[in-house]
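Engineer: Take the sequences, apply the hints, and build the full model.
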Amino acid sequence: MKKNDEILKYLSGMMNDTEKSDFENKMSASADLQNDFAKLNNKLAEICSLKDIKEDSPYFQNLLPRVRQKIEKRAIRKLYPQFAYLLPTAAAVFLILFNTVKYAPSHASVNNINNTQTSAEVNASASDTDLSEVYNEYNPIPENTLTEEQGVDHLSFKVGVSGLINRENIQELIDTHFNIPYLEEFMLASNQGK
Amino acid sequence: MTELQDHELVKEFIAGNEYAFNKIVQKYQNKIYWHARRLLGNHMDADEVTQEVLIVLYKKLNTFNFQSSLFTWIFKIVSTRSLNHLRKGKVKKLFLYKDDEDEEERFVSNEDIVRNIENKERLEKLDRVLSKLAIKQKEVFILRNFESLSYEEIAKITGRSVGGLKANYFHAIKKVTEMMNEKE
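For the record, the sequence lines run as chains A and B.
Its first residue numbered 1, the first sequence is counted upward by one per residue in the working numbering.
Its first residue numbered 1001, the second sequence is counted upward by one per residue in the working numbering.
BS3-like, lysine-lysine: derived pairs with alpha carbons at most 25 Å apart:
1) K1166/B / K1156/B
2) K78/A / K1060/B
3) K1132/B / K1120/B
4) K51/A / K1031/B
5) K1027/B / K54/A
6) K1156/B / K51/A
7) K26/A / K43/A
8) K39/A / K1174/B
9) K1088/B / K1060/B
10) K1011/B / K1027/B
11) K1125/B / K1174/B
12) K51/A / K1120/B
13) K43/A / K1166/B
14) K70/A / K1076/B
15) K9/A / K1156/B
16) K54/A / K43/A
17) K1174/B / K43/A
18) K70/A / K1031/B
19) K70/A / K1023/B
20) K1125/B / K39/A
21) K1059/B / K70/A
22) K1174/B / K3/A
23) K9/A / K1174/B
24) K1076/B / K1027/B
Quick caveat, the hints were computed from the structure, so don't treat them as lab data.
Structural biologist: Below is the structure:
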């Protein structure tokens, strides 16, 4: 092993001039060393012979056009740097809008949160007429097709409460029965009614 | 003569002759690819680095100072980019678990520019030997044996001292010959 290290040191050029000539003298006097030297050299030559490998595909013919294409693309991006930000910005805006619409609290959930308060407020400030007007606005009954009595029945049927809709039973109704965004609309209607 | 021709081509390119760049690519693409390939050990990474290097060449040729040969300058870029690629790969490996089978798959991947079975086997043999060397050893081993460069030329490319390169080369050939002995 040490003998090999000496050969490797010689081959890698790590010997100074004196060491080099000593080694060469030693080698010329020793057949064993010559043999080992030849073996190591052959092994390195074997590995080095693996460098001559030819490609079988037209890789190098297509390389330049591919690189040219990339260069052009990058040049366009460089010419219009604002476009580089356009796509991600547009994507971000779209995502924000999409999430706002998709995950915005529904009227029902708003009403569930504020149900007691909203109903109480509406109940306190709106008259039966106000309620009917707003309800009819969002659930229109074809005009001149129902009598007043039929209209009340229709409303009762729709909200699932029997009897007249009035100040007493309105509190039992939950906002979803009306299927209307009434928080703002009712307040508006009730303010106008006052 | 070649160096002068290279410098002429660079001057022509800087003056606006795009065809000069094509000539430079045609002259060096093979060497760039194979140097990257031997350093990185597979076609996909070598292809990525080769394209990257050619794009860098296109962009930075106007900064070439004509003090060194174009070959040295290009090989410096290839070496730097390949080493960066290897480092990035190591970072990726930290976060993405890869087992030996993945590595094996990389070796036998069909996507390669060498398809001839005999050549493929020889290339795999070389990749296996080189993969056992530390990157600095690998680099000096390749440049000395496959590009036939002197230590001085390698020092210009790698930015390392001649003494350090000799030490790296010593360890490289020691490992390579030991590996060859094990196989026998």
